[in-house]
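Trainee: Sequence:
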Amino acid sequence: MRDLNEAVELIVREIGLDLDEIAKRKAFLELRETDVDLLRKAHTLLQQDREDFSEGFYRHLLEFPEMRKLLPDAGTLARLRHSQSAYFDSLTAGDYGQEYVLERLKVGLVHQRIGLEPKWYIGAYRKYLSELLVILWRLLQDKPEMFIAAYNAALKVVCLDMGLALDTYSHAVQQDVVQHRDYLEQVISGMPAGLIVVDAAGNIRSINRAMRKMLGASEESSAHALPLREFIACPLLAESVEQVLVTGTPRDNVVVTLARQTGGARHFEFNIRRTMLAHENLLLLIAKDVTFQLEATRKLQESEEQFRLTFNQAAVGIAHTDPDGPFVRINRKLCDITGYTEAELLQRTFQETTHPDDVAEDVVLIGRLVHGEINEYSREKRYIRKDGSPVWVHVTVSSMRDDSGKVRCIALIEDISRRKQAEEELLRMANHDALTGLPNRLLLQDRLSQAIAYAHRTSRQVAVMFIDLDRFKNINDSLGHDAGDEVIIESARRISACLREADTVARQGGDEFVVVLSDMADEENAAVVAQKILDTLFQPMIVEGQEVFPTGSIGISLYPGDGEDPQTLLKNADVAMYRAKSEGRNGFQYYAGGMGERALDSLRLEGALRRALEREEFLLHYQPQIDIRTGEVVGVEALLRWQPQGRAMVSPADFIPLLEETGLIVPVGEWVLATACAQHKAWREAGLPPIRVGVNLSARQFQRQDLAKRVARLLADMDCDPAFLALEITESDVMQNPQAAVEILRQLHAMGVHLAIDDFGTGYSSLSYLKRFPIDCLKIDRSFVRDITTDADDAMIVNSVIALAHSMKLSVIAEGVETAAQLDFLSDHGCDQMQGYFFSRPVPADQIAQLLRAAKPAAQQAAPMQT
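Using the working numbering, the letters of the sequence shown correspond one by one to residues 117 to 983.
These aren't lab readings, by the way, just hints derived from the structure by calculation.
Don't take every hint at face value.
[What the hints assert, rightly or not] Keeping only pairs whose Cα atoms sit at most 30 Å apart, straight-line, the calculated DSSO-like set for lysine-lysine is:
(1) K222 <-> K235
(2) K243 <-> K157
(3) K142 <-> K272
[Said to hold, decoys possible] Label-pair distances were calculated between CB atoms; the ranges are:
(4) L551 <-> V782: 25 to 35 Å
(5) Q683 <-> D598: 26 to 36 Å
(6) Y241 <-> T363: 45 to 55 Å
(7) A341 <-> A375: 17 to 27 Å
Computed from a predicted model, the values in this text were never measured in an experiment.
Idealized CB from N, CA, C, for every residue including glycine.
Take these sequences, add in the hints, and give me the full structure.
Mentor: Below is the structure:
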């Protein structure tokens, strides 16, 4: 109901049916108050005929099937009878104001909506008037003038109603037209193609949104009535429009190029049609943007040209072939590979150009390709060139179908002749070490396996020697990797010179070599060869202008006693080699059954050692250094100790070598230096007599270029006097790179640090270098002090060292003094200082403090200090 009322209000608004309009219509119908009064008088007379009138009216309607369709059931018919009875009543009621008009509009709108056509509507009003005429004549036939006036008044009201009813129908038709127009506009506006409607004068009637967008015109800009020539300045389009307008023949695919204000030039394809509307010729211009299509076509053409160029200029051969063999298309590179011209190859099949031994496999593979069993295949094969020579190629073949659906094969052919030649060289290189030319691990495994197999057949022995050069990293670090390579090459030559032709020496990697002595009668032969290798290696070697003396550690395992396969023999020889290193290097050791367990213990020890610094398991003990003449404590040597958590203290002989091998000696050495300086500061702040603290530098620490800076920074941080710090460097370490050592020692000496050469007499220092070293002290190794009272040679060496040191104005400290007789000898020969168990073992810092507080001359003590 609300929808119906709203529709009525819309009609009233749109046709302007206000009170003035209603009055105007009544005036035009000459519907006056006298008519209204007359109808009111007739109204009472007509009431008795209302039901009969309604019944007769509906009998008339139901005689027509069109009307029966609109009255499908008794309920609808009853409602309409009631409505018509009410209308009959209102027709003569005399109230024809706004409410009456709205009700008549509503009734007309309902009739329009249910599909009652105007012709039936008008017929219904005719029936009303006919029946009303009869009734009025019957009632007023004795008053002819009143009858005519009453019927005329009723006719005016019916005409008013008919006008209102036609308004609803007209408005509905207009609404339908508007809706169809809006729908059509939406379709045209939303269509992806551009559309322009042009009249016979060449002026634009309409243009859709897509066309505006294509041309870059804004929605606000008006093109209506604008000449097409001005809106689209394109002579070709104007000419085509004129032709279609004149001839009526459609024009399709008219491609024009237009420059837009934004986006550059665009290409459009127009289809032009002539149509007629209301006897007027119009042109429809339907356009689509073909810029991308034309660009894609252009790129496709460029791509095809690039493919042609690429095909011919490719660095590999390319061929299109039929599965049964003939070449269909080939490029220049394939001609170069085979030596044939393009014309010659196109007359041949791939079987004819393939080496006979390789054709059968090709045929099988292409058959699988054609039947879809595989998508592609790759293989190496040989072609036969035109001159009859074979050429190795790598081919990759895949399948495709041409436009007719026929299977074609595409082959990529790479000339690998050079690679094949290189592979032979690589095979040789794969089995030999690049630096030395010796067999590598791979070839070693093969040689060792052969030696074992032969020994097994002949009941002989095989010896495996694992050789590792001692301190080789120091050579690399001090002289550089080029120098290290020289040492490796010369060592390989020397080891090879010690062997028989049937034996094998291989480079295992780095500074490691493996020797296989095959067909041995007994194990003593291995010892002879091992010693010969050690002696030969130890000969002086000039590297980068420096004289070095390489040494090696050798581990020996024997077949079948120490293993029956290459892996076991190599592993056990490696274990024996590490045993030789732990025994002091420059020697050899046979493998023994327990060595594997000892090697495992060593690994466990190394793991614990790596965590010792962060767990604060290291500590320092200090061994006093005594002035032999006065007996006073003049210094101490800081010695590293390791006390693992929950375990017994580990001997320095067990963990110091591991620190050096693993490189942990550097951070641990820095800790020792810092801790010793901190302890010296603590003694000084406690008011104890100042003494010098000696710290041993490892080879790796000494080789660091920033050593002097690190020491200077540490002394400054600790507020320590450099004169009370003694740095001890072993003779062998300082001689690894004497020239670099001179510069480092000079830097330290310039700071005021006391410098000592430790273990003097055990190395091979040159007196010329010794003279150049800015050192303060020589320390005689305990190995010479131990037998000075019983061995004349040791006594002479010690006496000579003391005399040499004094001649160079150096002080001398004797290590390892354990007896009074040793002390007396040293005193008699003018040795300056001593340290050893005779006076004190290395002790914790608090015991040194007690000793310094006592400040008693050592010579007055009746017995050594108890520790």
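Trainee: Hint compliance check: list the failing hint numbers for this structure, sorted ascending.
Mentor: No hint contradicted; all consistent.
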